[in-house]
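> Residue numbers (my numbering), protein chains in the order written: chain X, 1 to 377; chain Z, 1 to 288.
Calculated directly from the structure, the hints in this document are not laboratory data.
The reader is advised that the hints may include incorrect statements.
[Said to hold, decoys possible] Listing some non-contacts, in silico: residues in chain X with all C-beta distances to chain Z over 12 Å:
1) Leu34
2) Val41
3) Val49
4) Val133
5) Pro144
6) Ala160
7) Val204
8) Thr310
9) Phe354
[To be verified] Pulled a few chain Z residues facing chain X out of the computed Cβ check, cut under 10 Å:
10) Leu133
11) Thr144
12) Phe180
13) Pro260
We put the CB at the ideal spot given by N, CA and C, even for glycine.
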Amino acid sequence: MGLSEILGVLLGLGVLAGTTFLPKRAIRPLAAVLVAGLAFVALRITASVLVAAVVALALAALAFRFLPIVALRRVVFLAPALVVLVYATALLMYAAPGNPFANERVAAPEVEAALRAQYGVPESATEFFFIYVRRLVAEGTLGPSIKVQGRMVEDLLGPAFPVSLSLGLFALILAVCFGLVLGVVAGLKKNSVADHASMALALVGISLPNFVIGAGLIILFALWLGVLPVAGWGGYAHLVMPAVALALPNAAVIARLARSGTVEVMQQDYIRAARAKGLPESWVVGKHALRGAVIPVVSFLGPAAAATMTGSFVVEVLFGVPGMGQWFVKGAVNRDYSVVLGTAIVYFALIIAFNLLVDLAYAWLDPRIADEREASE
Amino acid sequence: MTERGRSVWAEAGRRIVQNRMALLGAVMLAVIALACLLGPVVLDLDPHLTRPELRNRPPSADAWFGTDTLGRDLFARVLVGGRASLLVGIVATLVSVVVGVAVGMVAGFYGGKTDEILMRLVDFLYGLPYMFLVILVMLLFSETARGEMFPVFVALGLVQWLTMARIVRGQVLALRRREFVLAAELLGASDARVLFRHVLPNIAGVVIVYATLMVPSVIILESFLSFLGLGVALSWGQLVSEGVAVVNPVHSYWWLLFWPSLFLGLTLLSLNFLGDGLRDALDPKARE
Numbered sequence: 001m002g003l004s005e006i007l008g009v010l011l012g013l014g015v016l017a018g019t020t021f022l023p024k025r026a027i028r029p030l031a032a033v034l035v036a037g038l039a040f041v042a043l044r045i046t047a048s049v050l051v052a053a054v055v056a057l058a059l060a061a062l063a064f065r066f067l068p069i070v071a072l073r074r075v076v077f078l079a080p081a082l083v084v085l086v087y088a089t090a091l092l093m094y095a096a097p098g099n100p101f102a103n104e105r106v107a108a109p110e111v112e113a114a115l116r117a118q119y120g121v122p123e124s125a126t127e128f129f130f131i132y133v134r135r136l137v138a139e140g141t142l143g144p145s146i147k148v149q150g151r152m153v154e155d156l157l158g159p160a161f162p163v164s165l166s167l168g169l170f171a172l173i174l175a176v177c178f179g180l181v182l183g184v185v186a187g188l189k190k191n192s193v194a195d196h197a198s199m200a201l202a203l204v205g206i207s208l209p210n211f212v213i214g215a216g217l218i219i220l221f222a223l224w225l226g227v228l229p230v231a232g233w234g235g236y237a238h239l240v241m242p243a244v245a246l247a248l249p250n251a252a253v254i255a256r257l258a259r260s261g262t263v264e265v266m267q268q269d270y271i272r273a274a275r276a277k278g279l280p281e282s283w284v285v286g287k288h289a290l291r292g293a294v295i296p297v298v299s300f301l302g303p304a305a306a307a308t309m310t311g312s313f314v315v316e317v318l319f320g321v322p323g324m325g326q327w328f329v330k331g332a333v334n335r336d337y338s339v340v341l342g343t344a345i346v347y348f349a350l351i352i353a354f355n356l357l358v359d360l361a362y363a364w365l366d367p368r369i370a371d372e373r374e375a376s377e
Numbered sequence: 001m002t003e004r005g006r007s008v009w010a011e012a013g014r015r016i017v018q019n020r021m022a023l024l025g026a027v028m029l030a031v032i033a034l035a036c037l038l039g040p041v042v043l044d045l046d047p048h049l050t051r052p053e054l055r056n057r058p059p060s061a062d063a064w065f066g067t068d069t070l071g072r073d074l075f076a077r078v079l080v081g082g083r084a085s086l087l088v089g090i091v092a093t094l095v096s097v098v099v100g101v102a103v104g105m106v107a108g109f110y111g112g113k114t115d116e117i118l119m120r121l122v123d124f125l126y127g128l129p130y131m132f133l134v135i136l137v138m139l140l141f142s143e144t145a146r147g148e149m150f151p152v153f154v155a156l157g158l159v160q161w162l163t164m165a166r167i168v169r170g171q172v173l174a175l176r177r178r179e180f181v182l183a184a185e186l187l188g189a190s191d192a193r194v195l196f197r198h199v200l201p202n203i204a205g206v207v208i209v210y211a212t213l214m215v216p217s218v219i220i221l222e223s224f225l226s227f228l229g230l231g232v233a234l235s236w237g238q239l240v241s242e243g244v245a246v247v248n249p250v251h252s253y254w255w256l257l258f259w260p261s262l263f264l265g266l267t268l269l270s271l272n273f274l275g276d277g278l279r280d281a282l283d284p285k286a287r288e
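Could you build the full structure based on these sequences and the hints that come with them?
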């Protein structure tokens, strides 16, 4: 990694920091332009130029008109962040010892040079980055895989993407449902047996790596009871164990957050007021307490999504799930630069999309937060 | 008759001793750490000695935890592996405490744009699948230091400081407006003096609490790396993943999975007990 490349990363970080100080008027149009750009590049991979352009413009118009300023600010920050991250990933891959052609039985440097030209993998990471980005924008492709002969990266990730997405979403939903129920019950009956039992369960969830939980599930449900398949992918039965293993650590954190949120909200005056005017307890809890429990959980969803992806690297390997995590790990170990960059782009794009959804949910649940930020600007 | 004032620390000590779970965690942790540290020396155990005639033996009087697929004594391996896991947990945590406290103090103390920029970056990094970064950083050392602990310290220290930075920033932000800090500044103390003499001692308790809670998550991350074949050569994570690898319907070598998982789980549980207890003792405001 040379000096100019480190300067490049620092420049990128500077731009990121600079977005904080953009005047409010600039945010909305800038965000719309960025949404159009991101959507165009993403759609271009699977659709024709015309379709991609039309849909991208439509999305940009919707974002311009309807997204709250909090979400737009996030777009303005995350879009350049995506570029910085992809560049940093390329630099790290190049800085790692070895290269994708090191194992080939090609002694002659001309052969390696020819291969490098063919795959668009020059000696310099910066050149590689620019070739990659140009190919992505102009041709709408994530490039050829270097190690999997004759396949494009989007062909490899195409089938893997829905697998990882459904596993991750299912695990997140499971974690939220399970964690909320556990946390709210514990918070409502503070210091009761139910409280202590739920929190003990949560502590166990935090204290075991997900692959230990996963191995336990395999032994119990697949080997002893024989009710679920050991590994692989296909039907709903294959989804259950990996999703549970992936969900439990997050469910534990969510349960703790929901508990303290519930405990806090139950001490509020408006709860006492609701009770005093004779509302049934179920109404008090359902209408008021639940909101207090949900808000801290929603703000944890962004990091929870990241943690789910992180965990899925391991869980996918354990259960033989053909998802993107496997491709990332394989690509990183084999130095398949284009596969690593491709998975990086898809993961980061997913994170951006997910964070936008969380922002929307947050603004909807607690309008004060969206307003406050807007008012303070 | 005057009653002697008790210091914050003495008060905290009293509270932690009264907290049974925290005490249990501390004792369990001490027992496990001592066993890992002294056990192999006292009992003269060799975790690398292969005995092909004793492959995959269940626990017995000879090998308490059984033997693995190469006939190595699992008891020795669990104890020696524990050293690596605990050391990784502690050192990577120290790295991230130093980085996190530094960033958090600067952000909270100087405030304004410095704060805004730093916290933006922290927020952003917080939302990334950090395993991504960890794996890429581990690759940098894949030839020079494969299976050693140093790369793990660096890679995990790099991603774990974020929570600490956030917490420290919040604390410093509150301390910043307190009279004794203002007084020190008015008396002409330098920023460094104010930070180290007045601010740091007041956030020490909170830092200790969250450092304790960080150790288990570092140990879990190391076990992820081991599972993917990128971690320390002999650690609990490595042993658990060896145990996972032999889970199959034909024969059951349950001890290969059970013992390392038990030690890993008990250690993480005690660290969490201890951390929660410390939080109740040192950071009473965080208690519901």
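> Each hint needs a verdict: does it hold in this structure or not?
Hints, verified against the model:
Taking the minimum C-beta to C-beta distance to chain Z, about 15 Å, the non-interface status of Leu34 (chain X) holds against the 12 Å cut. Look at Val41 (chain X): its CB is around 20 Å from the nearest CB on chain Z, clear of 12 Å, so calling it non-interface holds up. For Val49 (chain X), the non-interface assignment is confirmed: its Cβ lies about 31 Å from the closest Cβ of chain Z, beyond the 12 Å cut-off. Annotated as non-interface, Val133 (chain X) keeps its C-beta farther than 12 Å from every C-beta of chain Z; the closest such distance is 19 Å.
With a least beta-carbon separation of about 21 Å from chain Z, Pro144 (chain X) lies farther than 12 Å from that chain, consistent with its non-interface assignment. Separation of Ala160 (chain X) from chain Z is adequate, the least Cβ-Cβ distance of about 15 Å exceeding the 12 Å criterion. Look at Val204 (chain X): its CB is around 7 Å from the nearest CB on chain Z, not clear of 12 Å, so calling it non-interface is violated. Non-interface call for Thr310 (chain X) relative to chain Z: violated, since the shortest CB-CB distance, roughly 4 Å, does not exceed 12 Å.
Not every beta carbon of chain Z lies more than 12 Å from that of Phe354 (chain X), the smallest distance being close to 9 Å; the non-interface claim is violated. Against a cut-off of 10 Å between C-beta atoms, the interface hint on Leu133 (chain Z) holds, since the closest Cβ of chain X lies about 8 Å away. At a threshold of 10 Å, the smallest CB-CB gap from Thr144 (chain Z) to chain X is about 7 Å, leaving the interface hint in force. The closest approach between the C-beta of Phe180 (chain Z) and any C-beta of chain X is roughly 30 Å, which is over the 10 Å cut-off, so the hint fails.
For Pro260 (chain Z), the suggested interface contact is upheld, since its CB lies about 9 Å from the closest CB of chain X, less than 10 Å.
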